[in-house]
Amino acid sequence: MKETPQEKRIHENMKAGVMCAKGFLGSDTRHFHEIIETDAAHLQTLGYTREEVADRMQALTNAAFEAFMGSITLEEHLIVEYRSFRGKLTCPFAHPGGFRKGSVTLQNTRNNITLCWTPLNIHMIREHGFFEGHGSEHRLDPDILIKALFN
Amino acid sequence: MEINAFIIFIASIFTSNILLTNFLGMCSFLSVSKEVESSVGLGLAVVFVMTLTTALNYVVYHMVLVPLNIVYLQYIIFIIVIAAFVQLTEMMLERFSPVLYYSLGIFLPLITVNCAILGVSLFMIIRDYSFLQSIAFGAGGGLGWLLAILALAGIRQKVRYKFVPKGLQGAGLSMIITGIMAMAFIGFSGIVVIQ
Amino acid sequence: MITTILTTIAIVGGMAGFLALLLVVAEMFFANYGEVIIDINGKRKLKVKGGSSLLSTLNENKIYLASACGGRGSCGFCKCKVRSGGGPLLPTEKPFLSPDEIKDNVRLSCQVKVKEDIAIIIPEEIFNVRQFAGVVSKIEDHTYDIKELTIQLTQPTEINFKPGQYVQLQSPRYGKIKQKVSRAYSISSSPDHTDYIQLIIRRVPDGICTTWVHDFLKEGDEVSFTGPFGDFFIQDTRADMLFVAGGSGKAPIKAMLEYLDARNSTRRMGYFFGARSRKDLYLDDLFATWEKSMQNFAYYPVLSQPTEQCEWNGRCGYVMPYFDEFIQDVNNTEAYLCGSPGMIAAVVKYLVSKGIPKEKIYFDSFA
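Protein chains in written order, with the working numbering: chain A, 1 to 151; chain B, 152 to 346; chain C, 347 to 713.
Worth flagging that the hints you see were computed from the coordinates, not collected in a lab. Treat the hints loosely; a few may be bogus.
Restricting the straight-line Cα-Cα distance to at most 20 Å, the calculated cross-link-like pairs of lysine to aspartate or glutamate (DMTMM-like) are [what the hints assert, rightly or not]:
1) Lys526(C) x Glu12(A)
2) Lys461(C) x Glu241(B)
3) Lys522(C) x Asp28(A)
4) Lys522(C) x Glu12(A)
5) Lys461(C) x Glu245(B)
6) Lys440(C) x Glu245(B)
7) Lys22(A) x Asp491(C)
8) Lys493(C) x Glu565(C)
9) Lys22(A) x Asp561(C)
10) Lys625(C) x Glu81(A)
11) Lys524(C) x Glu12(A)
12) Lys695(C) x Glu66(A)
13) Lys461(C) x Glu373(C)
14) Lys15(A) x Asp141(A)
15) Lys524(C) x Glu137(A)
16) Lys88(A) x Glu12(A)
17) Lys700(C) x Asp586(C)
18) Lys391(C) x Glu462(C)
19) Lys440(C) x Glu186(B)
20) Lys15(A) x Asp552(C)
21) Lys524(C) x Asp28(A)
Construct the entire structure; sequences and hints are all you get.
Shown next, in the form of structure tokens:
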């Protein structure tokens, strides 16, 4: 598929070993546009918007950030923990600024789903609707993500 | 053909507009007309390429193809000349105007396959224009293309903040606008007709 | 028939070849920018060959601006003020610059092409930054995810830095990783040792550089880095020093304490190390030794999530409440913090509420 030089750069950024060791595409061979479109359609059927999902993730991340030394339990069934690392990640879509390297782990004790994301993921979901490719380290499948966040 | 070169120049801008009358060069026209600034940039690049390639192709046709009796090669040769020339234009743009170079992105090399460019060269051959007429035709064709894309960009900018039905958003409405513009340009045919 | 085919091929080939040659000549002409002058801070003038990016041109002349992505335009670290001659602002630079920076003519040096005489302003400390080559003489495992490297310098053989500064270590292409990157790590050894440096490196999941260090790097390997960078220093006063760190944030603190120990400093010092459980503690014996050898040093490890296996009967929870054990005079206390941004924010808030002025709280802003 024909890509503009900018899209090519974005695609390169997403491959393994450029911005992070495993990349954002995992074992997915689809173009990132396709991944975004498919996930967007899926998200619509589940009844949530990107902003709602991103806001919820941000709220949980903020709470965990304050409790920097361990995990905290929110709303009785959500255990969130924030581990931070030095340095900043930039958005593969060439957005301004860096995003803290932090790893947020969410464990939903009601349905036993454990997920992990970074502040960059929240930005990519909110601004680009990008949940990462199948098989990627931080792939946030809309199905599983919504079950973990809202159930 | 005995038409005055200047008349050809005027006619190819308005009444025989390569885009609105012959409907050539539509793809980059529809994509780049989202923004007025890049439309101007691309339009000027097209004027430059169209004028000079028409002249070059005239020279190549009459000095190389006709004497050697291989006029059937005109399609291949014209495209090769256009491709090389666009590459040259890219180099010059990167050197002298990097901002424009980056904002045009992939649409610069896409000028090569802009059918309007090849179309103008081929029309020049079919209508058997002289050298001066060819240059006038090339320049006029380019300016006509620039005028059309500028008009569409301006209209699209206004339409951006108005309500458009979902099915017509983007290319749909642009095509309707282009059609209406084409009909409007027929109104110019009172000035002069060359085809 | 044959002649027609041959003529056709000859003509088409000839035309294409001629045009290609024309393009090659044109490129040589257009891409050649000749020699230009880079004026640095109005004091130094460099005569260089134009055509490359400002970042790489400066690097070739041994001036190293910080860069984590190696000049690809994706990290935004290589900012530099261009007074004149940088050309128009490119769309690839805009995402990384604030409106104030754009007004101030700050540019991304990896995107600015040196095409004409150019005048730039860079901070004086950059001149002390060099490219170093060294050999890994020791890799020590401190915890399940922290290693300390000792790098013996080979070229040049000496380094000059202040305790608290960091270097940018360059990771090579390895395994599936096709790019070189550089990442910042604080120096954990004292500057009194000019022929080697030590770095404390914690594994970052999915990290490019730390995965290389933890899984691929071996003793005897060659490494390269640039430095020193940073403005996290020991303030030259007589005030009490409150150190707070967590995880690999211990590195600059260790460098500072080693430096102070060598000078038999009599300043009051307290180091609060916050960790989750026992397995995150390391170098405890070193700090215990310092407690004995230094006149006024106390070490306070605090665990926030000790498990039963820890058998911990020391301090638990957050570090802040324990500051009271150390702080005597809030007007004569300086705080040095290095760790996660969450920790730094919480500790700063607490210290300010206790009455320690914000200007006396120093932290390594990288974490």
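How the hints compare with the structure:
no.	hint	in the structure
1	Lys526(C) x Glu12(A)	14 Å, holds
2	Lys461(C) x Glu241(B)	17 Å, holds
3	Lys522(C) x Asp28(A)	16 Å, holds
4	Lys522(C) x Glu12(A)	14 Å, holds
5	Lys461(C) x Glu245(B)	11 Å, holds
6	Lys440(C) x Glu245(B)	18 Å, holds
7	Lys22(A) x Asp491(C)	19 Å, holds
8	Lys493(C) x Glu565(C)	12 Å, holds
9	Lys22(A) x Asp561(C)	15 Å, holds
10	Lys625(C) x Glu81(A)	18 Å, holds
11	Lys524(C) x Glu12(A)	11 Å, holds
12	Lys695(C) x Glu66(A)	12 Å, holds
13	Lys461(C) x Glu373(C)	15 Å, holds
14	Lys15(A) x Asp141(A)	19 Å, holds
15	Lys524(C) x Glu137(A)	18 Å, holds
16	Lys88(A) x Glu12(A)	19 Å, holds
17	Lys700(C) x Asp586(C)	15 Å, holds
18	Lys391(C) x Glu462(C)	14 Å, holds
19	Lys440(C) x Glu186(B)	18 Å, holds
20	Lys15(A) x Asp552(C)	13 Å, holds
21	Lys524(C) x Asp28(A)	19 Å, holds
The structure is consistent with each of the numbered hints, conforming to all of them.
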